[in-house]
Amino acid sequence: MKQKHLVLAMLVTSLLILPVSGAMAANVYKIGGIFSVTGRASFLGDPEKKTMEMMVEQINAAGGIDGHMLEAVIYDSEGDPAKAVSAVNKLIHKDKVIAIIGPSTTPTTLAVVNFTKRANVPLISCAAGIKITTPVDPWVFKTAQSDLLAVAAVYQQMKAAGIKKIGILTVSNAYGESGKKQLLGQAEKFGIQVILNESFGAKDTDTTTQLAKIKAAGPDAIICWGTNPGPAVVAKNAKQLKIDIPLYQSHGVGSPKFIELAGDAANGNILPTGKILVTSLLDDSDPQKKVLQDYQNAYENKFSGNVSGFGGYAYDAVNLLAGALKGSSGDKQKIRDNLEATKGYVGATGEFNFTPQDHNGLSPDAFVMVKIKNGTWTLL
Amino acid sequence: MQEIVQYLFSGITTGAVYAVIAVGLSMLYSSTELINFAHGEFVMIGALAMVTLWVRIGLPLPVAMAGAVAAGCLLGLMFERFAIRTARNPEPITLIIITVGASIFLKGVAMIIWGKDPFSMPAFSSHESIEIFGAALLPQSIWIVTAALVLAGGIHLFLKQTLTGKAMVACAVNKKAAWLSGIPSEKMGILAFGISAGCGAVAGIFIAPITMSSYDMGTLLGIKGFCAAMIGGLGSLWGAFAGGLLLGILESMGAGLISSGLKDAIAFVLLLLILYIRPGGLFAAKEAKRF
Amino acid sequence: MTDNKKTIWIEYLVFICAVSVFGLATENTYYLQIMTFIGINTLLALGLNMLMGYTGQVSLGHAAFYGIGAYTTAILSGTYGMNPWLALVCAVAAAVLIAFIVGLPTLRLSGYYLAMGTLGFGMIVNIVLREWAGVTGGASGFVGIPMLEAGALVFMSGAGYYFLVWGIVFAAMIICRRLLASRTGRALRAIHDGENAAVAIGINTHFLKLEIFMFSAALGAVAGFLYAHFVLFISPESFGFMFSIKIVTMVVIGGMASVWGALLGAAVLTLLPEVLHGFAEYEMIVFGLILMIVMIFMPQGLTRGIMDMIRTAGRARA
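Residue numbers (our numbering), protein chains in the order written: chain Z, 28 to 407; chain F, 340 to 630; chain E, 350 to 667.
Quick caveat, the hints were computed from the structure, so don't treat them as lab data. This one's a predicted model, so the numbers in the text were calculated from it and none came from an experiment. Among the clues, some could well be false.
As the list claims (entries may be wrong) - Restricting the straight-line Cα-Cα distance to at most 25 angstroms, the calculated cross-link-like pairs of lysine-lysine (BS3-like) are:
{"#": "1", "chain 1": "E", "residue 1": "K595", "chain 2": "F", "residue 2": "K455"}
{"#": "2", "chain 1": "Z", "residue 1": "K240", "chain 2": "Z", "residue 2": "K186"}
{"#": "3", "chain 1": "Z", "residue 1": "K77", "chain 2": "Z", "residue 2": "K329"}
{"#": "4", "chain 1": "F", "residue 1": "K515", "chain 2": "F", "residue 2": "K526"}
{"#": "5", "chain 1": "F", "residue 1": "K455", "chain 2": "Z", "residue 2": "K230"}
{"#": "6", "chain 1": "Z", "residue 1": "K353", "chain 2": "Z", "residue 2": "K57"}
{"#": "7", "chain 1": "F", "residue 1": "K514", "chain 2": "F", "residue 2": "K499"}
{"#": "8", "chain 1": "F", "residue 1": "K455", "chain 2": "Z", "residue 2": "K77"}
{"#": "9", "chain 1": "Z", "residue 1": "K329", "chain 2": "F", "residue 2": "K515"}
{"#": "10", "chain 1": "Z", "residue 1": "K230", "chain 2": "E", "residue 2": "K354"}
{"#": "11", "chain 1": "Z", "residue 1": "K121", "chain 2": "Z", "residue 2": "K359"}
Please construct the entire structure, taking both the sequences and the accompanying hints into account.
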């Protein structure tokens, strides 16, 4: 007798729960993520994926958005544009997400925007290329700082330091190429002359040839524009060749990994970076400080490894999206409109102010100039 | 003028890297007539094993080196046993694809074990560069050149002077005849792979201080190593050594004097030229192999 | 002979039905797009299959022709506003011309030397695409490729492009089959069975190999054209060494010297990453393992291997 009652009770309970969970499932906001978790840009995609997962967990723990839970569907683009296209199609047509965060690199982003645009799905990219938001497309946003701003920050500092002639050394990939374009294009504005520009491969083991060539041309400073591990090799080689003029790097090396790889050779390098690297050195009055500290604590408690500016791009993207989801009831057009109207959001990367003409929303103070001394970052 | 000396030294540095990789590759070919497209991955395993044993765990240098080489050899032996020997159809096309599959597999395993980040390793001696004629040369480069020389010389002696070595060469020339004369060709195959993988690991150990070691370092290095081996002449150990140095120097000169963007293309243009004009390579007299 | 022809026509009919039914019944654009990618990859595999399977020439640089096709149409129709269909003709012409120039000296080599030669060629093309930034957009890629149109019909992603691609695949299969049944085909088989013997009976092997090389380049260029106007953005990394290896894998796994094998290989290799999406970290391990296992135990490729397994199973049961 008792057993029958138990079974009946279980049956009734499950029948009651099922429609409720079904209803809950229908009310879940599905958001997509595409990151280069493996492949050559994994230093971007890996922290971005982890950050997105962590943020979605946090938001759900706090009750979701307007009572809706978030569900993140994340795919790995492996840094390959064709795979990114497959992933984005899966997200849009199979998983039916209402917005997408990522991809991590400029080529993968440019490959997927044609599809997200056509499907009217808002995309918040974590990639740096200015081609992503110039010309502006109503459905495409990005959170990473443009290299335009990074180069401007570097040149500003150089002008103040009285540097007139420089040699540049860039990686032969999309990131380095974009940087080179900006470096060559903005030089005149700051009264700087680029006397030599050389390039090196991302996996090159030795760059002494290029450095020797640049050194021989007699510049006042050298700028290296790349992402780990290349610039570490450059820094080491520069030390070997006893190059004593300042060596500037790009924000692509803005992570503790660079100091680990380059060792002593990193000391003296100057670079622009998001404030995340120097959180403890920031003024307490800086609105970003609290945001960065919270992010850093949460990330480093949950995952092994230090926080980096790259994960910060995803952090901002998720928060911006969460903000836009409020009051949108999952309607893609409303989400897009809310995003575009976002102003004054203080994030890990900087303060975002979107307008219909500016879908990146950052200003030059998203960057600070730092110098590496004794193996740590110091503000310039 | 001073830059040219520097270009030369940079070329020797990179060239030494290519040479030490090419020697192991050529060695395998000379004893089995096989090209192992996964050779770059053995180099990678050697380098990453060193990082773990020497840097992370902190074993003394010679012990760590021995350990890394042992890891490489073991992997090579397993590879021969499971991948090459069990192949039902040991045609060159099949073997090429098997070794390509193995290289992808090893990369994947390395990625899981060591992660995706690159690692740096301190040099064996001081990291200060030596100044010669106003140009800088890293002590580590000298280590690498020495390693390549020792490997090439050692294997050369082994193949020419010892009975086992001569038996290995016999297997390569004509397997059946060797077997008829009582040479256990299976054991020879295992040995050849073990030694070649060990050479790869040695290469990895010595180049790790100047390159950054990561799970995907093997691909491009392996390809450049093949180019070097072919330029010098497949199967010729000294050819591999010379080919590597030549490739490195020409690359460096090209980058310095012509354009650094096209630096990689130099290796391949050179390869094509050698294949068209003198397929045997600069130093070997072997004929172009037919399937 | 008639029986053979009947089988072929039945095969074609089945193929057409399967493709059409799938295309019309599936509304989900995702599946249509996967199938479209399979179609593009089939064209690549078909071309390489003719080269590797029938003439026994290994090419580790096939992605170069894929890239040449894609970039030619991108530059001509994107930068210069040429009609894409005209650009297709130019793309094929460019690939065939380059195949002729490169093939002339390279196809004299054989074995590992040929493999390395094609590898070198592929790498050089990739570097040129990357460095000639003014024309190709460089490493950052080429933006702004126009969509394909035919009169009032615009081929966007989805069913339209699906049918376009598979129509071309079908045409390519017929051409390949025709080629194989012709005198050229018989000469090819003679080369495969024994090159020296073929030379002895007067076949101009070098010229024949060159012909097939150019044909495979043409197919590769068509595939590149279709890819470019599908994704509307191309960058050099999609046309590198890794992708050349992928195409070789398709041919080898599907089964060399088999037109359907090319299709199977392309399908397996396009679907595998989709299936393994959950195991992204392990994808390389799985991919490498599959490659090794298939080549070790079924070196004739999956088509032959599976048929053998069925045959042995049938025998065991009897």
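### Task
Sort out whether K359/Z lies within 25 angstroms of K121/Z, counting only the CA atoms.
Satisfied, since the Cα-Cα distance of roughly 16 angstroms is no more than 25 angstroms.
### Message
Next pair to validate is K329/Z with K515/F; report whether the Cα-Cα distance is within 25 angstroms.
### Response
violated, 61 angstroms
### Task
For the pair we were handed, K515/F and K526/F, check the Cα-Cα distance against 25 angstroms.
holds, 14 angstroms
### Proposed proximity, K57/Z with K353/Z (alpha carbon, max 25 angstroms)
Answer holds: K353/Z to K57/Z is near 14 angstroms, not above 25 angstroms.
### Query
Within 25 angstroms, alpha carbon to alpha carbon, are K240/Z and K186/Z?
holds, 24 angstroms
### Message
K514/F and K499/F were given as a pair; does the straight-line alpha-carbon distance stay at or below 25 angstroms?
### Response
holds, 18 angstroms
### Task
Quickly compare the C-alpha distance for K455/F and K230/Z to 25 angstroms and report which way the hint goes.
It holds: about 14 angstroms lies between the C-alpha atoms, which stays within 25 angstroms.
### Query
Between K595/E and K455/F, is the straight-line Cα distance small enough, at 25 angstroms or below?
It holds: about 22 angstroms lies between the C-alpha atoms, which stays within 25 angstroms.
### Query
Is the hinted pair K455/F and K77/Z satisfied, with a Cα-Cα distance of at most 25 angstroms?
holds, 14 angstroms
### Message
Tell me if the straight-line CA distance from K77/Z to K329/Z falls inside 25 angstroms.
### Response
Within the cut-off at roughly 9 angstroms; holds.
#### Entry: Straight-line alpha-carbon gap K230/Z to K354/E, limit 25 angstroms
violated, 54 angstroms
Going through the hint list in order, the structure does not satisfy hints 9 and 10.
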